[in-house]
Amino acid sequence: GQQVMQIPQYQHVQEGEDFTTYCNSSTTLSNIQWYKQRPGGHPVFLIQLVKSGEVKKQKRLTFQFGEAKKNSSLHITATQTTDVGTYFCAGGENSGGSNYKLTFGKGTLLTMNP
Amino acid sequence: EAQVTQNPRYLITVTGKKLTVTCSQNMNHEYMSWYRQDPGLGLRQIYYSMNVEVTDKGDVPEGYKVSRKEKRNFPLILESPSPNQTSLYFCASSLSRTGFDGYTFGSGTRLTVV
Numbered sequence: 001g002q003q004v005m006q007i008p009q010y011q012h013v014q015e016g017e018d019f020t021t022y023c024n025s026s027t028t029l030s031n032i033q034w035y036k037q038r039p040g041g042h043p044v045f046l047i048q049l050v051k052s053g054e055v056k057k058q059k060r061l062t063f064q065f066g067e068a069k070k071n072s073s074l075h076i077t078a079t080q081t082t083d084v085g086t087y088f089c090a091g092g093e094n095s096g097g098s099n100y101k102l103t104f105g106k107g108t109l110l111t112m113n114p
Numbered sequence: 115e116a117q118v119t120q121n122p123r124y125l126i127t128v129t130g131k132k133l134t135v136t137c138s139q140n141m142n143h144e145y146m147s148w149y150r151q152d153p154g155l156g157l158r159q160i161y162y163s164m165n166v167e168v169t170d171k172g173d174v175p176e177g178y179k180v181s182r183k184e185k186r187n188f189p190l191i192l193e194s195p196s197p198n199q200t201s202l203y204f205c206a207s208s209l210s211r212t213g214f215d216g217y218t219f220g221s222g223t224r225l226t227v228v
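Protein sequence lines correspond, in order, to chains Y and D. Mapping to this note's numbering: the first sequence position 59 is 59, numbers consecutive. Mapping to this note's numbering: the second sequence position 89 is 203, numbers consecutive.
Don't take each hint at face value.
One side of the interface only, derived from the structure: several residues of chain D facing chain Y at Cβ under 8 Å [claimed, not checked]:
#: 1; residue: Leu155
#: 2; residue: Leu157
#: 3; residue: Tyr217
#: 4; residue: Phe219
#: 5; residue: Gly220
Here are the simulated BS3-like pairs of lysine-lysine, each with C-alpha atoms no more than 27 Å apart in a straight line [unchecked claim]:
#: 6; chain 1: Y; residue 1: Lys57; chain 2: Y; residue 2: Lys101
#: 7; chain 1: D; residue 1: Lys183; chain 2: D; residue 2: Lys171
#: 8; chain 1: Y; residue 1: Lys56; chain 2: Y; residue 2: Lys36
#: 9; chain 1: Y; residue 1: Lys101; chain 2: D; residue 2: Lys183
#: 10; chain 1: D; residue 1: Lys171; chain 2: Y; residue 2: Lys36
#: 11; chain 1: Y; residue 1: Lys101; chain 2: Y; residue 2: Lys36
#: 12; chain 1: Y; residue 1: Lys36; chain 2: Y; residue 2: Lys57
#: 13; chain 1: D; residue 1: Lys131; chain 2: Y; residue 2: Lys101
#: 14; chain 1: Y; residue 1: Lys106; chain 2: Y; residue 2: Lys57
#: 15; chain 1: Y; residue 1: Lys70; chain 2: D; residue 2: Lys171
#: 16; chain 1: Y; residue 1: Lys106; chain 2: Y; residue 2: Lys70
#: 17; chain 1: Y; residue 1: Lys106; chain 2: D; residue 2: Lys179
#: 18; chain 1: Y; residue 1: Lys101; chain 2: D; residue 2: Lys179
#: 19; chain 1: Y; residue 1: Lys106; chain 2: D; residue 2: Lys171
#: 20; chain 1: Y; residue 1: Lys36; chain 2: Y; residue 2: Lys51
#: 21; chain 1: D; residue 1: Lys132; chain 2: D; residue 2: Lys185
#: 22; chain 1: Y; residue 1: Lys56; chain 2: Y; residue 2: Lys70
#: 23; chain 1: D; residue 1: Lys171; chain 2: Y; residue 2: Lys101
By construction, these hints were calculated from the structure, which means they are not laboratory data. Glycine included, C-beta positions come from ideal geometry on N, C-alpha and C.
Based on the sequences and whatever the hints tell you, model everything.
Here's what the structure looks like:
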């Protein structure tokens, strides 16, 4: 079955450092989504990528979708305390007809010194 | 305000005592889903529904039931809860199964079964 692997599992940074989390799928994806979950909160949708090689930016966040549509990354430039939380990728696989499945990675927990 | 509402937020119960966690969305979304979140395991799908009276099993359906009698409501039923169902539960909804507009998550229900 479809597997979505996310690394690293944990990342501790100093405020101002950059941060990257990577997502890899065992199969070709139709789309990939990214979510953020603050400590004690619920996942919140950030963005979706659909096209091969697509790059999207949201302020200090840069999202990429690989050429083969099997991997993706989220890069945060100059982290701030508000970036703390768990970042999830979710890969969508369309196997025909109504058979679509969105599989979540296990997430990367970003922590920071106060 | 567009939202997914789950109740209760916290619940402590005893083994074998039937319980229902309610989920309601006010966005006229067709697709609704239940996830459980456990440390180190990420978000795992329990059940989903593509429309009224249409439900299907996710990755970890054992011990759970759902129903979709109205478009806005998607309750999760534990007929005979066991301690291994202690977890953080999230309800999510989307316009469609592909979630091309992203999934909207409820605030979560933290369930403890003793």
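Okay, the hints, checked on the actual structure:
1. Leu155: holds, 7 Å
2. Leu157: This hint holds: Leu157(D) lies near chain Y, its Cβ roughly 4 Å from the closest one there, short of 8 Å.
3. Tyr217: At about 6 Å, which falls below the 8 Å cut-off, the nearest Cβ of chain Y leaves the hint on Tyr217(D) intact, so it holds.
4. Phe219: holds, 4 Å
5. Gly220: holds, 6 Å
6. Lys57(Y) with Lys101(Y): holds, 25 Å
7. Lys183(D) with Lys171(D): Cα-Cα ~17 Å, so holds.
8. Lys56(Y) with Lys36(Y): Within the cut-off at roughly 16 Å; holds.
9. Lys101(Y) with Lys183(D): holds, 23 Å
10. Lys171(D) with Lys36(Y): holds, 25 Å
11. Lys101(Y) with Lys36(Y): Holds - the C-alpha atoms of Lys36(Y) and Lys101(Y) are around 20 Å apart, at most 27 Å.
12. Lys36(Y) with Lys57(Y): holds, 15 Å
13. Lys131(D) with Lys101(Y): violated, 32 Å
14. Lys106(Y) with Lys57(Y): Within the cut-off at roughly 23 Å; holds.
15. Lys70(Y) with Lys171(D): holds, 25 Å
16. Lys106(Y) with Lys70(Y): Holds: Lys106(Y) and Lys70(Y) sit about 16 Å apart, inside 27 Å.
17. Lys106(Y) with Lys179(D): Roughly 24 Å between the alpha carbons, so the hint for Lys106(Y) and Lys179(D) holds.
18. Lys101(Y) with Lys179(D): The given pair, whose Cα atoms are some 20 Å apart, holds under the 27 Å limit.
19. Lys106(Y) with Lys171(D): holds, 20 Å
20. Lys36(Y) with Lys51(Y): Holds, at about 21 Å.
21. Lys132(D) with Lys185(D): holds, 24 Å
22. Lys56(Y) with Lys70(Y): Cα-Cα ~17 Å, so holds.
23. Lys171(D) with Lys101(Y): holds, 12 Å
Checked against the numbered hints given earlier, the structure breaks only hint 13 and satisfies all the rest.
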